[in-house]
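One line per chain: the protein sequences are A and B, in this order. First residue of the first sequence? That's 39 in the numbering used here, and the numbers climb one at a time after it. First residue of the second sequence? That's 39 in the numbering used here, and the numbers climb one at a time after it.
Mixed in with the good hints, there may be bad ones.
[Claimed, not checked] Calculated from the model, a selection of chain B residues having no Cβ within reach of chain A, i.e. all distances over 10 Å:
(1) Ala45
(2) Ser49
(3) Phe51
(4) Ser52
(5) Arg58
(6) Glu76
(7) Glu85
(8) Asp86
(9) Ile107
(10) Lys108
(11) Glu111
(12) Asn144
(13) Val145
(14) Asn147
(15) Leu154
(16) Leu157
[Stated by the list, open to error] With a straight-line Cα cutoff of 25 Å, these simulated BS3-like cross-link-like pairs (lysine-lysine) come out:
(17) A:Lys108 x A:Lys122
(18) B:Lys151 x A:Lys47
(19) B:Lys47 x A:Lys93
(20) A:Lys97 x B:Lys74
(21) B:Lys93 x A:Lys108
(22) B:Lys122 x B:Lys103
(23) A:Lys93 x A:Lys72
(24) B:Lys108 x B:Lys93
(25) A:Lys108 x A:Lys72
(26) B:Lys93 x B:Lys74
(27) A:Lys93 x B:Lys108
(28) A:Lys108 x B:Lys47
(29) A:Lys97 x A:Lys47
(30) A:Lys47 x A:Lys74
(31) A:Lys108 x B:Lys103
(32) A:Lys72 x B:Lys93
(33) A:Lys47 x B:Lys108
(34) B:Lys103 x A:Lys47
(35) A:Lys122 x A:Lys93
(36) B:Lys97 x A:Lys47
(37) B:Lys93 x B:Lys103
(38) B:Lys47 x B:Lys103
(39) A:Lys47 x A:Lys108
(40) A:Lys74 x A:Lys122
Since the hints were made in silico from the structure, they are not lab data. Cβ atoms here follow ideal geometry from the backbone N, Cα and C, with glycine treated the same way.
Protein chains: 2
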Amino acid sequence: MNAINIAEKFSLFSDYFNPRIIGELNGQLIKAAKIKGEFTWHSHTNEDELFLVIKGLLKIEFRDKPVDIKEGEFIIVPRGVEHKPSADEEVHVLLFEPATTLNTGNVDNEFTKSILQRL
Amino acid sequence: MNAINIAEKFSLFSDYFNPRIIGELNGQLIKAAKIKGEFTWHSHTNEDELFLVIKGLLKIEFRDKPVDIKEGEFIIVPRGVEHKPSADEEVHVLLFEPATTLNTGNVDNEFTKSILQRL
Numbered sequence: 039m040n041a042i043n044i045a046e047k048f049s050l051f052s053d054y055f056n057p058r059i060i061g062e063l064n065g066q067l068i069k070a071a072k073i074k075g076e077f078t079w080h081s082h083t084n085e086d087e088l089f090l091v092i093k094g095l096l097k098i099e100f101r102d103k104p105v106d107i108k109e110g111e112f113i114i115v116p117r118g119v120e121h122k123p124s125a126d127e128e129v130h131v132l133l134f135e136p137a138t139t140l141n142t143g144n145v146d147n148e149f150t151k152s153i154l155q156r157l
Numbered sequence: 039m040n041a042i043n044i045a046e047k048f049s050l051f052s053d054y055f056n057p058r059i060i061g062e063l064n065g066q067l068i069k070a071a072k073i074k075g076e077f078t079w080h081s082h083t084n085e086d087e088l089f090l091v092i093k094g095l096l097k098i099e100f101r102d103k104p105v106d107i108k109e110g111e112f113i114i115v116p117r118g119v120e121h122k123p124s125a126d127e128e129v130h131v132l133l134f135e136p137a138t139t140l141n142t143g144n145v146d147n148e149f150t151k152s153i154l155q156r157l
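Throw the hints in and build the complete structure from the sequences for me.
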């Protein structure tokens, strides 16, 4: 058991929309992702998803409204709710979600990452 | 769905070793706790536990070694592992753990909090 330094994990990769696994507990994964630009509309049938912003400003569009999530803030997107993450500038986000969660949920497209690297 | 500001949640209480629930997903709870002084030795039979340090320096003693967890770092304590959190100065910690988790695990003493406030 060791302390995991979040900033150090983010220093190990630079690509966007490609989450890395940095922790696992109780069947849930902690993932680190860099986001810049627009992701795809999707939802997760069986998984609630938490986005915790470590650096920058994350925008998540829902069908009825957009929400800004700033550094030091998190949002929980319940299962079944369509959402579209985006960021004008690079954002560092921690994700907390079940190990079964696919990044694009019910959608399979160029953003889909079925196998994630562990850091 | 709204963004949850972590610092704002910590501004709403001041007592130590009394976690508040600030989020819930997939049967897991996000808790905010302030820690100062020494907690009790304990373990969780069925729950892994994540400590994410938002502010300050958290120390966790294990039977074989102590670990320091600094601001921006987290540690995952696997189920069954005895541990004793402590802090010389006030620390703000986020906990990610199953909803079934009791703060003192297998121990029932003056630190035990069976019912937690939701903020």
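To see whether the hints hold, each was checked on the structure:
A Cβ of chain A approaches the Cβ of Ala45 (chain B) within 10 Å, the least distance being about 6 Å, so the stated non-interface status is violated. The beta carbon of Ser49 (chain B) sits about 12 Å from the closest Cβ of chain A, which is more than 10 Å, so the claim that it is off the interface holds. With a minimum CB-CB distance of about 17 Å to chain A, Phe51 (chain B) clears the 10 Å threshold, and the non-interface call stands. Non-interface status of Ser52 (chain B) relative to chain A is upheld: no Cβ of that chain comes within 10 Å, the nearest being about 19 Å off.
Every CB of chain A is more than 10 Å from the CB of Arg58 (chain B) (nearest about 15 Å), matching its label as outside the interface. Every CB of chain A is more than 10 Å from the CB of Glu76 (chain B) (nearest about 19 Å), matching its label as outside the interface. A cut-off of 10 Å between C-beta atoms contradicts the statement that Glu85 (chain B) is not in contact with chain A; the least separation is 7 Å. The Cβ of Asp86 (chain B) sits about 4 Å from the closest Cβ of chain A, inside the 10 Å cut-off, so the non-interface label is violated.
Distance to chain A contradicts Ile107 (chain B) as a non-interface residue, since its nearest Cβ pair spans about 4 Å, not more than 10 Å. Consistency note on Lys108 (chain B): stated as away from chain A, yet its beta-carbon is not over 10 Å from all of that chain's, at 7 Å minimum. The Cβ of Glu111 (chain B) sits about 4 Å from the closest Cβ of chain A, inside the 10 Å cut-off, so the non-interface label is violated. No beta-carbon of chain A comes within 10 Å of the beta-carbon of Asn144 (chain B); the shortest separation is about 17 Å.
Consistency note on Val145 (chain B): stated as away from chain A, and its beta-carbon is indeed over 10 Å from all of that chain's, at 20 Å minimum. Non-interface call for Asn147 (chain B) relative to chain A: holds, since the shortest CB-CB distance, roughly 24 Å, exceeds 10 Å. Listed as a non-interface residue, Leu154 (chain B) keeps its Cβ farther than 10 Å from every Cβ of chain A; the least gap is roughly 17 Å. With a closest Cβ-Cβ approach of about 13 Å to chain A, Leu157 (chain B) is found to remain outside the 10 Å limit, as its non-interface label requires.
Distance restraint check for Lys108 (chain A) and Lys122 (chain A): the Cα-Cα separation of roughly 16 Å lies within the 25 Å cut-off, and the hinted pair is therefore satisfied. Proximity of Lys151 (chain B) to Lys47 (chain A) is assessed by CA-CA distance (about 34 Å); at most 25 Å being required, the pair is judged violated. This hinted pair checks out: Lys47 (chain B) and Lys93 (chain A) have alpha carbons roughly 19 Å apart, not beyond 25 Å. In summary, the hint linking Lys97 (chain A) to Lys74 (chain B) is not supported, as the alpha carbons are separated by about 35 Å, beyond the 25 Å threshold.
Restraint check for Lys93 (chain B) and Lys108 (chain A): satisfied, since their Cα atoms lie roughly 17 Å apart, inside the 25 Å limit. Straight-line distance between C-alpha atoms of Lys122 (chain B) and Lys103 (chain B) comes to about 11 Å, which keeps the hinted pair within the 25 Å bound. About 10 Å separates the Cα atoms of Lys93 (chain A) and Lys72 (chain A), which keeps this hinted pair within 25 Å; it holds. Between the alpha carbons of Lys108 (chain B) and Lys93 (chain B) the distance comes to roughly 8 Å, so the proposed pair stays at or under 25 Å and holds.
Taking the CA atoms of Lys108 (chain A) and Lys72 (chain A), the gap is near 14 Å; set against the 25 Å cutoff, the hint holds. Taking the CA atoms of Lys93 (chain B) and Lys74 (chain B), the gap is near 12 Å; set against the 25 Å cutoff, the hint holds. Restraint check for Lys93 (chain A) and Lys108 (chain B): the C-alpha separation of about 17 Å stays at or below 25 Å, so the hint holds. For the hint pairing Lys108 (chain A) with Lys47 (chain B), the CA-to-CA distance comes to about 15 Å; that is within 25 Å, so the pair holds.
About 22 Å separates the Cα atoms of Lys97 (chain A) and Lys47 (chain A), which keeps this hinted pair within 25 Å; it holds. For the hint pairing Lys47 (chain A) with Lys74 (chain A), the CA-to-CA distance comes to about 18 Å; that is within 25 Å, so the pair holds. The straight-line distance between the Cα atoms of Lys108 (chain A) and Lys103 (chain B) is roughly 36 Å, outside the 25 Å bound, and the hint therefore fails. Under the criterion of a C-alpha separation no larger than 25 Å, the hint pairing Lys72 (chain A) with Lys93 (chain B) is consistent with the structure, at around 23 Å.
Annotation: proposed proximity of Lys47 (chain A) to Lys108 (chain B) holds, straight-line Cα distance about 15 Å (limit 25 Å). Restraint check for Lys103 (chain B) and Lys47 (chain A): the C-alpha separation of about 24 Å stays at or below 25 Å, so the hint holds. Between Lys122 (chain A) and Lys93 (chain A) the alpha-carbon distance is near 19 Å, which keeps this suggested pair within the 25 Å criterion. A distance of roughly 21 Å separates the Cα atoms of Lys97 (chain B) and Lys47 (chain A); the hinted pair therefore holds under the 25 Å criterion.
Between the alpha carbons of Lys93 (chain B) and Lys103 (chain B) the distance comes to roughly 23 Å, so the proposed pair stays at or under 25 Å and holds. Among the hinted pairs, Lys47 (chain B) with Lys103 (chain B) is inconsistent with the structure: their alpha-carbon atoms are about 32 Å apart, more than 25 Å. With a C-alpha separation of about 20 Å, the suggested pairing of Lys47 (chain A) with Lys108 (chain A) holds against the 25 Å cut-off. Straight-line distance between C-alpha atoms of Lys74 (chain A) and Lys122 (chain A) comes to about 12 Å, which keeps the hinted pair within the 25 Å bound.
Consistency note: the structure conflicts with the earlier hints numbered 1, 7, 8, 9, 10, 11, 18, 20, 31, 38.
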